[in-house]
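> Chains A and B supply the protein sequences, listed in that same order.
FYI, in the working numbering the residues of the first sequence are 1080 to 1481.
FYI, in the working numbering the residues of the second sequence are 4 to 252.
Quick caveat, the hints were computed from the structure, so don't treat them as lab data.
If a hint is listed, it holds; no wrong ones were tucked in.
Computed, partial: chain B to chain A, Cβ under 8 angstroms:
id: 1; residue: 75
id: 2; residue: 77
id: 3; residue: 79
id: 4; residue: 97
id: 5; residue: 100
id: 6; residue: 132
id: 7; residue: 135
id: 8; residue: 137
id: 9; residue: 138
id: 10; residue: 156
id: 11; residue: 166
id: 12; residue: 168
id: 13; residue: 176
id: 14; residue: 180
Taking CB as the label site, the calculated pair distances span:
id: 15; chain 1: A; residue 1: 1440; chain 2: B; residue 2: 225; range: 50 to 58 angstroms
id: 16; chain 1: B; residue 1: 214; chain 2: A; residue 2: 1362; range: 45 to 53 angstroms
id: 17; chain 1: A; residue 1: 1354; chain 2: B; residue 2: 239; range: 21 to 29 angstroms
Note that the structure is a prediction, hence the values are computed from the model and not measured.
We put the CB at the ideal spot given by N, CA and C, even for glycine.
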Amino acid sequence: MNPELAQRLTEHLSEVTGFIYPNEVEIQWGILVVVYPYITGLVAGAFILASLVQLFNVKEVQPTYRLALLTALAFLLIAPLPLLLHLGHPLRSYEIFLTPQLKSAMAMFGFVYLWYLMAVLLLELWFEYRKDLVLWSKNAGFPLNSIYRVLSFFSTDVSERAVAFDHKAIRVITLIGVPSAFLLHGYVGFIFGSVKANPWWGSVLMPLVFLMSAIVSGIALVIFLYMVVAPLKGEGVDMRCLDKITSYLFYAVIVDFTLEVLDFIHRLYQSEESIKILSRLVMDKLFVSLWVIQVLLGMLVPLAVMVAVKSLKLTEELRRLFYFASVILIQLGIFATRWNVVIGGQLFSKSFRGLTTYKMEVVGIEGLFVAIALLIAPFIILTVFLKIFPAWETESAHEAIS
Amino acid sequence: MIDRRKFLKRAVFFIPAVGLFRRLAGDAQAKAPVAGYDPSNHLYGMGIDIDKCIGCGRCVEACKTENNVPKEPFFFRTWVERYTIKKDDSVEVENIDVRLRKRGDTTTEADVLRSFFVPKLCNQCQNPPCVQVCPVGATFSTEDGVVLVDSNRCIGCRYCIQACPYGARFLNPETKTADKCTFCYHRIVKGLLPACVEVCPTQARVFGDLKSMASRLVRFKRMKRITVLKAHLNTEPKVVYGNLDGEVR
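Looking at chain A on its own, in the form it has when it is part of the complex (with noise of 0.2 angstroms):
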């Protein structure tokens, strides 16, 4: 065995309060799976509020609907990597697609992910591209013209019955894309809350609260995106599109908050087997990401901003200022969340008689700089897919502002 994990390992053990089994010694899973629920989550609340826009035709959040696709897929091409480098045997990943135990919450991945990547999403980009990409593909210079037209298929019909049709394409996409994004980040839930050995985890509310949390950061990381990227483009924030989605915001954390309080007073009050040891988990080794940066700063004080901008007539400017500090801390709070889901449940004993601790790795394949790294990977490609994918500066895109 390899000194370096031996010398980790003795470090843990003397970490140890009160009595794990001792295979319980080495924690799991890490800082990357900690990534992986975060990523989905993005991708899920970032496509959900793409398509209220479609299902529901508001007009006011028209201007960040590509935006939201782009992240979606920008951040599901990054998503199956945390969970990639994770395994003992990357290379022997492909089994879950060629024969996956389909008793298994996990074997699902594979296919969940494919289905949402290809039928929904990618579709859905693709109708909504397609005239423009006929149009840039005839105005744009070498090598991009050909792209163009290789991305749209060489598809050249841009009349009105064609533009209708990729339309009509689009809201039926959008049909089926919410329950699949809705089945995307339930189903990572499932994962967590179908695991009756850990009380942390045991939950039929996981899946509920990781899609509800999912919506919140990914509608924050829309409303981060528009507010920086628009105004890099030229394109100036849209206020009305910003109070509107922020209001969504507002009621999507309101709900996240109230199934949160939900599990939490449950468990209170039926104060099982597991509630002592849980209790010494939150209020010791989880105290600061739980109380303090999920709950206080990831909601609570991003909720009384939310409020105190509804009610106070501020000017734009400040109204700016704020949503952009909640949207910051809700992030923040909400990858507090799957740390404390993740990293939570693996703290405590299935014996329910002792801690351990986490100590991240910094350089190592499952540590800090890759995850970093992971996280800012996505934030690349849509750099590129804006760049190649104009969100804005469109004709379409006006007219439907307009």
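For chain A, the structure is supplied; the task is to place chain B on it using the hints.
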């Protein structure tokens, strides 16, 4: 000449067909581990007599040697816990591995209400959560009732480790795959006893075939008040304990 539509259609069928073929091919290779051994005639289990365990830890050593379990005290296919229940009802539990021996606890005999040892291992559940969650079917139940891991198929996702309520699994640092007690499957199919049972000086571990009325295990189950660990989780363990204390989890 194959046109595009036909090609796509066939591709759609090709992918699951490959999966099916692989599965069939895998099954075709599965054959009896030892000539003449028929797994359908057996159903293995283990009884643990709490009153007999003296906490010598020889089972742990034997297991590590027999099964190439890493020697470091973080990986165990079987281990022994010492429970000390004090007069103030507080409970102290310790894994009594020889490498961890850090004597110097302040418990004096006068404080102790009762104390005993609990050998632990994979419970070889009839309804195993680890098998349920494995995404690729690398963990499976054999016909003769043992839960095994195919280390050539395991992708190392560690979901099974999370799903096991008993902490019986670990990620083997050498193979990077999930690892756990196999009841020494390579031995029992030859009619030998698991290593831990073989070396136990007090016969605290009773191995046997639940399908044979003559087995020591069936007698153990008849003579003892038995219980299983975490019965409320409905995992239906085939490792049963005689005279187990209610404090044990």
